[in-house]
Amino acid sequence: MGHIRRLTGYAMRRKFLFFGFLTSAAIGTVFNLLTPLVLIKIVDEVIIGAQMNLLLEYVFLFIGLGLLYALFDMFGRYGSAILSQYVIFTLREDLYNSLMEKDLSFFDQNETGQLLARVTTDVSTMREFLYWGYRVLFIGFAQLIGTYIVMWSVNPTLTTYMFIWIPIMLIFIYSFAKKVRPVFFSARKQYGVLSSVLAENVVGHKVVRAYASEEREALRVEKENRAFLDLRVYASKLQSFFQPMLPSLISVAIGALIYIGGFSYISGTLTYGEFVGFISMIGMLVLPARFLSWGIGMYQRASASGERTFYILDAIEEVMNPENPVEVTDYQGSIDFNNISFSYGGDGYILRDVDLHVKPGQIVALLGGTGSGKTSLVNLIPRFYDVDTNRKIDYEGKGYRVRKDNTVLIGEKEYKVVDGHVEINDQLHEVTSPGEILIDGIDIRQYSLNDLRKRIGMVHQDPFLFSATLKENIAFGRPEATFEEVVEATKAANIHDFILTLEEGYDSEIGERGVTLSGGQKQRIAIARALLANPRILILDDSTSSVDAKTEMLIQQAMETLMQGRTTFIITHRLSTVRNADLIVMMERGRIVEQGSHDELIAKEGLYYNIFQTISEMELAASVSSDPFPISGTEGGGSTE
Amino acid sequence: MEALSRTLDTADDPDARTYEYSDSTLLMRMVGYLVAYRMLFAIVIVLTAAGIALSVWTPFILRQAIDVDFPSGILSALFFTAGLYIILQIVSWIISFGSGYLMALMGQRAVYDIRQELYSHVQDMSEEFHDHSSSGRVISRLTNDVDRMSELLGGELINTFAQIFVVFAIGVAMFASNLRLALVSLLIVPVLLITTIYFRKVMREAYRRTRKTISNVTSNLAESISGAKVTKSFAREQRSAEIFTEINEADYQSNVDAGKAQAAFFPVIRFIGGLGTAIILLFGGWFFLNPAFLYISDSLTPEVTLGTIVMFVQFSDSFFRPILIIANFYTSVQSAFAGGERVFSVLDTESAIQDGPDALPMPNVEGHIEFRNVMFRYGDGPIVLDDFNLVINPGETIAIVGDTGAGKTTIVSLLNRFYDVVEGSIQIDGIDIRAVTQNSLHSRIGLVLQDAFLFMGTIKDNIKYGRQDASDEEINAALDAIGARRIIENLEQGLDTEVGERGGRISEGERQLVSFARALLADPKILILDEATSSIDIYTEYAIQKGMRVLLAGRTSIVIAHRLSTIVNADRIVVLEHGKIVESGKHADLMQKKGKYYSLYELQIRPRAIQKFS
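If you're matching them up, the sequences are chains A and B in order. So the mapping is simple: the numbering used here equals the position in the first sequence, first residue as 1, plus 908. So the mapping is simple: the numbering used here equals the position in the second sequence, first residue as 1, plus 124.
In case anyone wonders, no lab produced these hints; they're calculated from the structure. You may find that some hints are simply not true.
Reference excerpt, derived from the structure (chain A facing chain B, CB under 7 Å, subset only) [what the hints assert, rightly or not]:
{"#": "1", "residue": "962"}
{"#": "2", "residue": "963"}
{"#": "3", "residue": "1017"}
{"#": "4", "residue": "1091"}
{"#": "5", "residue": "1094"}
{"#": "6", "residue": "1098"}
{"#": "7", "residue": "1112"}
{"#": "8", "residue": "1135"}
{"#": "9", "residue": "1251"}
{"#": "10", "residue": "1369"}
Coverage of chain A stretches by chain B, computed from C-beta distances (three or more under 8 Å per stretch; other residues unrestricted) [said to hold, decoys possible]:
{"#": "11", "stretch": "917 to 923"}
{"#": "12", "stretch": "1392 to 1404"}
In this text the structure is predicted, and so the values were computed from the model without any measurement. Where is the CB? At the ideal position from N, CA and C, for every residue including glycine.
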């Protein structure tokens, strides 16, 4: 299959090692095959022939062959260990680099756990095949054929009788593989089901308890556990049936040999020694039979793993670095979304006809419900995704893509584009060109990814920190930063004092084995990290946070410091932030429904106005203290324009 | 993140032992689960013994053929011997199929039993246990750790013990048939043992090193994948890749080092086995040609025939496998022991809270709640509640407010009897909650948590969770009541939308709404609501607030409140400080008092409300 060939391609990068270990294994096998011949000599010449003087000589020959077999086998194993390890190393490097180059939609579509399994478990399966597979399949064939050759050279008649065991063994191997594998597979699948039911019960134990559903859950667990038991037992049953069958077959062959061999002995065509040699050689057939079935199993597992792993390498990365990027020394920070649309791989639109123009240094507040597209919008700026590049037409309020062959599919019907127009029911619809995003007037696809992203900073509400020291985390975007610069950033981010309270200060490790940070602390570290990187453009996701008032204030302050002098996109529900923004953008289902400053939007009496009103009313309803709320109502807007 | 922490959990050395239990304790305990199936166990033992007897018998038949039938030239005798040999092999195959199957049956049932026992034990554990252990770890006890025992119980254990008898039986057979040859054959055994032990030790060391390096690789990869967005946004790919290469290289090196010992082990052992055969051939040949050598008497030192030599070669072959298995046993069971140790340690942790022996089911209640002189602390920790008294009337909505650590969550945990009070009592309609079964207590109390947990399945399944027999009309009515019907119907498959693992496929706000509908449908007399402070967009937030009002109506409700509207609309606000009620009353009254509530309100509740649109 293709995947194994590809894996072999990796192994072939070190041809010498690859053929070296196979050759070594083959030579070892030859020595192994020669030992029965010595056995025959010992029986016939020394024991039956009573030539005591030859005994020591033959025994040493026997030991010598064993030693050579051991040595060459050892080289073969060691060589394949090095080679398999080398391939795995290279493969992991390739996978890592490939993962780093992927655009974010790849990570959206593939769960972390699954990706991790592909680069760990699946890679191990392939290593197993690399270490054993080639050798075992190769030796299996070599020994199978070799044993018959040696047998033939000793006694062709007897060998002919023994020949019938080959098809029997092959059938055995085949039927075993065919029957057992799917059962094991479904047992493993059931184990997955059982595990997730158990996991649910543990994580959701409070809910189970609160609804007094212990019994029902227990039944559910029991059912899955029982199904797993049944499948496992069935698999074991098959295995217990087939596994001892192979050695038994060989033993039955020896039984037959006793009769046929005895008959030949009596009729004078076989010596004692040859009989003993044959018993030993039949024993040698166990190994190829076992190796071949084992090798085939490994081959199939490795192939399946290969498919999963190579998928990562083969997934096309949609975001590409330009070949001749525009050189930039500094960004001003103006951003224009020129009528862009966006969808995941051509499915339904996530963003549609977004037109938004931001001047350097402006603060843009993005508002909208879940699925309104605000996160997707900001993810387009650092090119985590790219905007749609299809031209499109509008028809009855919906957008349709113009396909590569210059046609449009509407409903079931296909229409042709003629002169930049599509004619539907005698009406002409204009084809609009795909949108683009410009930074400082240049399409972002013309900057090198590195340049672009270095100038854009992002802070999330639940920021990801690495298990490294605090200092390393803060200097993540600028590892060469001095300690003074780090401290400067943490001070501005209101987290310096906290870090000093830690036993190891800036050298404290974060994560499982180190300090656990609260959400608010993580957020401020992320702010410091962004500050140190000093980007021109900022993307802040501050939609949620369950922190106490004091922390909230600290974060708020830190954010304000961070936003100073940078073009900022902020996703937030914080009223004061929204009001202070230069531009408020309300989004719904991938479209901008309103944009403008606070005052403009209030004057418009649209959606924003309504939300604002509701809040104010609530405020008033709750207001019983004598002081009127200083910022309730619509007056006193904080627009800076 | 959940997925990540789980993967990291398993990346932690799964074979690490704490030695909380000795090997023999673990072994005996596991055997206990097997012995529970007495009949099966007995049959397996009988079959195994029969299998051993047959395997020792076989070489004797070969000797018979070589020494007697071949020279005699009687074909019928030869036919009989060969036939017997073949029949024995077939019988032995049937026996090993039978014993293998029954062993697996018994072992897998034992694994099933352990898992069931562990599951119901975990289910019975008090909240204290769940609070103190990460769910990832508990899950891995129930899944991987139990499974680690599967191979051992499913055959490896009995098979390995059987090998001891195989060795013994062959030894006896050898000595009984030929003392002289037996003595020289056994010369090789100590060499085999010492070499095996030596290699095991070297390989274990090497394995330990590779385990460490591979776990570094795994955790770096896990982090790189989870943090891909951050790495990209700081354009740090290259530096990160360099770090990965370093870690990857270390793993390569340690594995190549380990490969040496691994490559040498089996060939060397097999060579020693070959030496054993060589010794038999050497001495066998010697005795054959010099019968007087070391001769004592015919009965003690019978003649060494060709058949005897062949038989001994066969014995020596079947002698060396069991020794290898026994020598390997200790290493191969380490994983099972590690799993068993962790599983038993959970099983041996007693739940702090158990139903009393004469606990009755809780009758239908009005919803009158009383905390009487309650004192509570977590374990040996500081006192959380001291002389706490609170009476809640049927139908009343109580909002509990206070700083973090004031004891708000403790109050609801105690009411649910997730923990037991240290002093005092909690009564519902005059019944001490310790006098009733936990299960019936929970069925009277509804709990809506801040972090709405959903089960895999559809939205409908989840809403019906507390009342399986609910009709679609009732479900829709519940959704209507909380104003969520439109939101749910707007989802692509409406009520039949699959929520995914832990509800991950729908938004947090939708999860919250589903959990409200679920609580409403279960219709408990008492409702506890731990209010979310966060995570929902403004639109959903409004929907939720409406839902909450409906949910609270007509029930005794305790709300750990963060939202302005909940607090203001409560029948009574209870202000907690350091485990004591410092103020209680209606919003307006408390505001006028200008006490603790007033300052809480001014400093936290109101600013948050203004800022957060809530």
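Checklist entry - Which hint numbers does the structure go against, in order from smallest to largest? => result Hint check: 1, 3, 4, 5, 6, 8, 9, 10, 11 and 12 fail, others pass.
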